[in-house]
Amino acid sequence: MPTILEPVTRPVIRHQSQSHADLAPTFYVVCWNDPVNLMVYVTHVFMKIFGWNQQRAEKHMLEVHEQGKSVLIREGAEKAEFYVHQLRNHKLQATMEPAA
Amino acid sequence: MKLVKSSGPIWQYQLTPPEAALLEGLLKQFPFTALTPVTISRTDRSQASGERAKLLNESLAEHRRELQKLARLLLSPDKFQPQAKGVLMTLTAAEREGLLLVLNDIRVGCWQALGEPADIHAPPANEQHRGYQGLMDLTGYFESQLLPE
Numbered sequence: 001m002p003t004i005l006e007p008v009t010r011p012v013i014r015h016q017s018q019s020h021a022d023l024a025p026t027f028y029v030v031c032w033n034d035p036v037n038l039m040v041y042v043t044h045v046f047m048k049i050f051g052w053n054q055q056r057a058e059k060h061m062l063e064v065h066e067q068g069k070s071v072l073i074r075e076g077a078e079k080a081e082f083y084v085h086q087l088r089n090h091k092l093q094a095t096m097e098p099a100a
Numbered sequence: 101m102k103l104v105k106s107s108g109p110i111w112q113y114q115l116t117p118p119e120a121a122l123l124e125g126l127l128k129q130f131p132f133t134a135l136t137p138v139t140i141s142r143t144d145r146s147q148a149s150g151e152r153a154k155l156l157n158e159s160l161a162e163h164r165r166e167l168q169k170l171a172r173l174l175l176s177p178d179k180f181q182p183q184a185k186g187v188l189m190t191l192t193a194a195e196r197e198g199l200l201l202v203l204n205d206i207r208v209g210c211w212q213a214l215g216e217p218a219d220i221h222a223p224p225a226n227e228q229h230r231g232y233q234g235l236m237d238l239t240g241y242f243e244s245q246l247l248p249e
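Chains as they are written, first to last, in this note's numbering: chain P, 1 to 100; chain L, 101 to 249.
It cannot be assumed that every hint is accurate.
As a list, the in silico DSBU-like pairs of lysine-lysine whose alpha-carbon atoms are at most 35 Å apart [what the hints assert, rightly or not]:
hint, chain 1, residue 1, chain 2, residue 2
1, L, Lys-102, P, Lys-69
2, P, Lys-79, L, Lys-185
3, P, Lys-59, L, Lys-105
4, L, Lys-154, L, Lys-128
Calculated from the structure, these hints are not laboratory results.
A quick note: this is a predicted structure, and the numbers were derived from the prediction, not measured.
Take the sequences, apply the hints, and build the full model.
Below, the structure is given as structure tokens:
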């Protein structure tokens, strides 16, 4: 009697296509040290713009002060640009740098 | 200058008459310096980055004009009330934020006008520089009094 083999169902593996957001370049929003903005002011601005608590804002402020810069956030171009505008309106030395 | 009351959105500060006169003088004469063009990136030399920098500088110029209007509004008589011991300054939370922005604009603007020195207390080269340093000290004092520790 011939053996009837059951059909084997192989899973179809589809490569997920990346969304537009995944492919879009991202930027680091960086705050650079300067000798003029008061430390308490920088902390205040970080809390105000990013909604961070005091501890997190102070951590970034100290990074700026002690290491010369701090990466504040990584975002798509539009949002990074928005944050740089906000920080610059407060006279902080902020830039957006392409993420590698 | 000291904080006397902070309840809800209202902030009240007690100023001595000389402090009030100095603060009002800063608001009346704002802005003290021209805007310095800024870059938006230290590494990105693309055309898009150049366009973003242009937009940023336009936005900063508009922001400066808004601050100038705000500085005039802060001079209204209801903000500075003479009292027996000095002057009581009453601000909403938004006005307090605005005052901080005006003061820091003056402070950073003076530093930029000085050529962005690493040592902000270096001996001034001339009378104009001495004036900028004086403004930086003054605005730094008021900022530190406005902000909680």
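How the hints compare with the structure:
1. Annotation: proposed proximity of L:Lys-102 to P:Lys-69 holds, straight-line Cα distance about 32 Å (limit 35 Å).
2. As the CA atoms of P:Lys-79 and L:Lys-185 are separated by approximately 48 Å, the hinted pair breaks the 35 Å bound.
3. Distance restraint check for P:Lys-59 and L:Lys-105: the Cα-Cα separation of roughly 29 Å lies within the 35 Å cut-off, and the hinted pair is therefore satisfied.
4. Between L:Lys-154 and L:Lys-128 the CA atoms are separated by roughly 29 Å; this keeps the pair inside 35 Å, and the hint holds.
Hint compliance for this structure: hint 2 alone is broken.
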